[in-house]
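Undergrad: Note that the sequence shown covers residues 1 to 240 in my numbering.
Hint data in this document are derived by calculation from the structure and do not stem from the laboratory.
There's no promise every hint is true.
Derived pair list, reagent style BS3-like, types lysine-lysine, alpha-carbon separation capped at 30 Å [to be verified]:
hint : residue 1 : residue 2
1    : K24       : K69
2    : K23       : K41
3    : K229      : K69
4    : K213      : K41
5    : K141      : K69
6    : K110      : K141
7    : K41       : K181
8    : K232      : K69
9    : K2        : K24
10   : K23       : K69
11   : K110      : K24
12   : K213      : K231
13   : K213      : K232
14   : K213      : K229
15   : K213      : K69
16   : K195      : K181
17   : K231      : K2
18   : K2        : K41
19   : K23       : K229
20   : K229      : K195
Computed Cβ-Cβ distance ranges for the label pairs, DEER-style [as the list claims (entries may be wrong)]:
hint : residue 1 : residue 2 : range
21   : E105      : K195      : 35 to 45 Å
22   : E175      : D118      : 43 to 53 Å
23   : L180      : I71       : 23 to 33 Å
24   : S197      : V147      : 21 to 31 Å
25   : G70       : G172      : 28 to 38 Å
26   : D128      : E155      : 30 to 40 Å
27   : T205      : E74       : 29 to 39 Å
28   : L238      : L108      : 26 to 36 Å
We put the beta carbon where it would ideally sit given N, CA and C, even for glycine.
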Amino acid sequence: MKLGFTTLAVFMEPTQDIINLAKKHDFEIIEILAEDPIYDKDNTPFIDCGLDIRIHAATVDINIASINKGIRAESVRQMIHCGHFAEQIGANTITVHPGIIGRNEPHLRKWAIEMAIDSVGQIMDETDVEVSVENMPVRQKFLGNTVEEIEMIQEETGCSLTIDTGHGNTCGNLEEMLSLKNISYCHLNDNDGVKDSHIPLGDGTLDLNLLKKIDTAIIELNNFDNILKSKKVIDNLLIS
1 MKLGFTTLAV FMEPTQDIIN LAKKHDFEII EILAEDPIYD KDNTPFIDCG LDIRIHAATV
61 DINIASINKG IRAESVRQMI HCGHFAEQIG ANTITVHPGI IGRNEPHLRK WAIEMAIDSV
121 GQIMDETDVE VSVENMPVRQ KFLGNTVEEI EMIQEETGCS LTIDTGHGNT CGNLEEMLSL
181 KNISYCHLND NDGVKDSHIP LGDGTLDLNL LKKIDTAIIE LNNFDNILKS KKVIDNLLIS
């Protein structure tokens, strides 16, 4: 498995220190959490650093499926900006969330999915990097937490997918999610099958054997010691 970690665990640390940390622990990928403060950093060391750079686009106050035109337009603008940032530093993929809905009524949800599809299409048209849409946890406000919805977005846009193991675990559909086509990479984390708590692998109810189906992955946790703990779980799993 080609393995990396998210900068959520080392947010706003100097870029070169993050790169050195990845190489020290034999990671091959770094996923940059591109919330707005990241753009104020010196990110030039990521260029030609010898690692596979991916980007998780901002999620705070972002909703590309909003039925409010102004909010949706600004969210899409920021996703496109993230795509251009990816181009500048040589990143291979930006992962985006499909959006949320305030009132989970069937006709509004259908409308919001259509807005998400349109927004993903716009982002893809305006960027030259791979755009990958992530599956979401079980809560009703999240779009893209069923296989049908995430597959619909993919089929309508041609986007790639980022499959989050913890999200799939809360929805009970991870095995189906991992069977979808054109998966760019996966987010690895665990939980109790109910709450999307992002705990280390092996500390929850996730079926670890499903990880053997994954080729490329980011350990998505907010503590680097827990990232290393999860890496050890993966290493032991793959040699067993």
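Undergrad: Holds or violated: 23 to 33 Å for the Cβ distance of L180 and I71?
TA: holds (28 Å)
Undergrad: Given the hint that K213 pairs with K41, does the C-alpha gap stay at or below 30 Å?
TA: violated (36 Å)
Undergrad: How does the Cβ-Cβ distance of T205 and E74 compare with 29 to 39 Å: does it lie in that range?
TA: Between T205 and E74, where Cβ atoms are some 38 Å apart, the hint holds.
Undergrad: Does K41 lie within 30 Å of K23 when you go C-alpha to C-alpha?
TA: This hinted pair holds, its Cα atoms lying about 20 Å apart.
Undergrad: Between L238 and L108, does the C-beta distance stay in 26 to 36 Å?
TA: The hinted range 26 to 36 Å is violated for L238 and L108, with Cβ atoms some 43 Å apart.
Undergrad: Is the Cα-Cα distance between K24 and K69 30 Å or less?
TA: violated (46 Å)
Undergrad: Straight-line Cα separation of K23 and K229 no greater than 30 Å?
TA: The given pair, whose Cα atoms are some 17 Å apart, holds under the 30 Å limit.
Undergrad: Between G70 and G172, does the C-beta distance stay in 28 to 38 Å?
TA: holds (36 Å)
Undergrad: Need the status of pair K232, K69: alpha-carbon distance at most 30 Å?
TA: violated (46 Å)
Undergrad: Between K213 and K69, is the straight-line Cα distance small enough, at 30 Å or below?
TA: The hint is violated at about 39 Å.
Undergrad: Using the Cβ atoms, figure out if E105 sits within 35 to 45 Å of K195.
TA: At roughly 25 Å between Cβ atoms, K195 and E105 fall outside 35 to 45 Å, so the hint is violated.
Undergrad: Is the Cα-Cα distance between K110 and K141 30 Å or less?
TA: Distance of about 13 Å is within 30 Å: holds.
Violated hints, in rising order: 1, 3, 4, 7, 8, 10, 11, 15, 21, 22, 26 and 28; the structure is consistent with all others.
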